[in-house]
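Protein chains: 2
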Amino acid sequence: MNKIKIMINGIPGNMAVNLAKHTLADDRFDLISQSLTGPEITKDEHLIDSIPIRLIHPDVREQAITEIKEKEGSFISVDYTHPSAVNDNAEFYAKHGLPFVMGTTGGNRKRLEDTVCSSSIPAVIAPNMAKQIVGFQAMIEYAANKFPDLFKGYSLEIIESHQKGKADTSGTAKAMAEYFNNLGVPFSKEDIKKERDPDVQKNVWGIPEKYLEGHGWHTYSLLSNDRTVSFEFRHNVNGRDVYAQGTLDAVSYLDIKVKEGEKGKVYSMIDVLKGVTTAGQTQKPSFLKGYRSRSPLF
Amino acid sequence: MNKIKIMINGIPGNMAVNLAKHTLADDRFDLISQSLTGPEITKDEHLIDSIPIRLIHPDVREQAITEIKEKEGSFISVDYTHPSAVNDNAEFYAKHGLPFVMGTTGGNRKRLEDTVCSSSIPAVIAPNMAKQIVGFQAMIEYAANKFPDLFKGYSLEIIESHQKGKADTSGTAKAMAEYFNNLGVPFSKEDIKKERDPDVQKNVWGIPEKYLEGHGWHTYSLLSNDRTVSFEFRHNVNGRDVYAQGTLDAVSYLDIKVKEGEKGKVYSMIDVLKGVTTAGQTQKPSFLKGYRSRSPLF
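Protein chains in written order, with this note's numbering: chain A, 122 to 419; chain B, 122 to 419.
Calculated from the structure, these hints are not laboratory results. Since this is a predicted model, take the numbers as computed values, not measurements. Heads up, a few of these hints could be off.
Because identical chains cannot be distinguished in the list, a pair is counted as satisfied if it fits within a single copy or across any two copies.
[Said to hold, decoys possible] Listed below are the simulated DSS-like cross-link pairs for lysine-lysine, each with C-alpha atoms no more than 25 Å apart in a straight line:
#1 395 with 273
#2 273 with 124
#3 267 with 395
#4 190 with 386
#5 164 with 331
Could you put together the complete structure from these sequences and hints?
Structure, rendered in structure tokens:
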């Protein structure tokens, strides 16, 4: 089975580096040892598990990508760069015929989608690459559509904790607040309680010290107005490994779509979830095998 | 608006009595002051909020029901009796053309359904009348169908607590275990952890003393194999009020179906959930109004 070549853009950023490590450890993939990087990065190389990755600065990327395409043939690009670069990068990928997985949040999402739709490439665009969380959101969305007002008369509390550096409220928590509104619960996104204090995270929440710098914990608590019935939903992520795993599944999914000749199409993680399942269950057992034990890290 | 007449069978059983209290307190309904009861009950009357309910023993029920039908006209029967009586009672309701809501568990469920399908009445049959729990189960079932293997590589723990008298494992927990199997998690129903010790329930779980004799608490915990991602779902019910509320919504739903002329049809709580929603949102605001503040107890 041919390995899928991946170019990961955004090194030396945390998420891009973590993904590169997972890619190196996963025998489904070959990592291209070059990465588009931002104008603020001054060095030309970054070591990942002692493998040197050449960092391509914006001013030389046109020339560099032509050489990479000549050398590598077809590959999938993954973007974990910066919100300010989202649209420009997407246009760059489209112009050069590079199918991509966009893991970077922010930018103009409508324009991002339009860029792909009017291009000759397919892309996976997903603000959250954690498949299980995406699946959980899909469940709640299903209930909101199918049983609006299911939780009418209930009160809601949403609390979330993320690393100190994260200034804004969790996007997942905000999306969930909207679903709960549709389920009959009045709740304003401003009422989501954010925890950013490492002391409280460690001592009150019990978040392990090594993950204080990278975690996303969410709890949604519903209480009936007579206080006899309560529901609680939690999803707690430590570190960034689950996002890397989901990204690699998105790459595998996109690779299939490229080989099927799809063009100008945007896929979501929901598509990936369904695709992974189908692949694993009926057609491509080797894909599922890769999915099961993807990395010696686990 | 005409009130819906209800005959509640199974008094003086806990659930039937609780439902009768809710019915008396809800101005959508009129309670018929007679109740089919079991052969083991020796008294002829039971007081509910100082209202005497005549208890009809099995040997006189044929005669009694004919008189009740003559006096009351059309009404909805609700069955909260005993697992051993489920099929016999359903055949009794069918024979006398009495649309019914079956809240009693056990019996031969296939035969129960067949009884309705070959009759001239519609019925709501639901082993769990708590609408929010039914909605939650529907969500998980949706995910299991749509994203099988979503939680592949995760381990699962299910713990539940019920009143000391409940010998068997929670039926809801067992149904959920199956959904999680379909989501890729190997788990045997025998591994569900049951708590039936009131001391542990009170001191470890924190279940309020007044609910030790009637509660259903469930927690499902998922952990990824690399231990970096966890999910937790809980639904905790104290007392029996939520089941009474759901039962009365089922009665309202069935009353609409009777008036629409439906015959020989079995409805589930999922149908009721959708029906309540539809009624509340588009066609019958008065129904939702009743749903909102159904009882001075809350």
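Violated hints, by number in ascending order, as checked against the structure: Violated: hint 5 alone.
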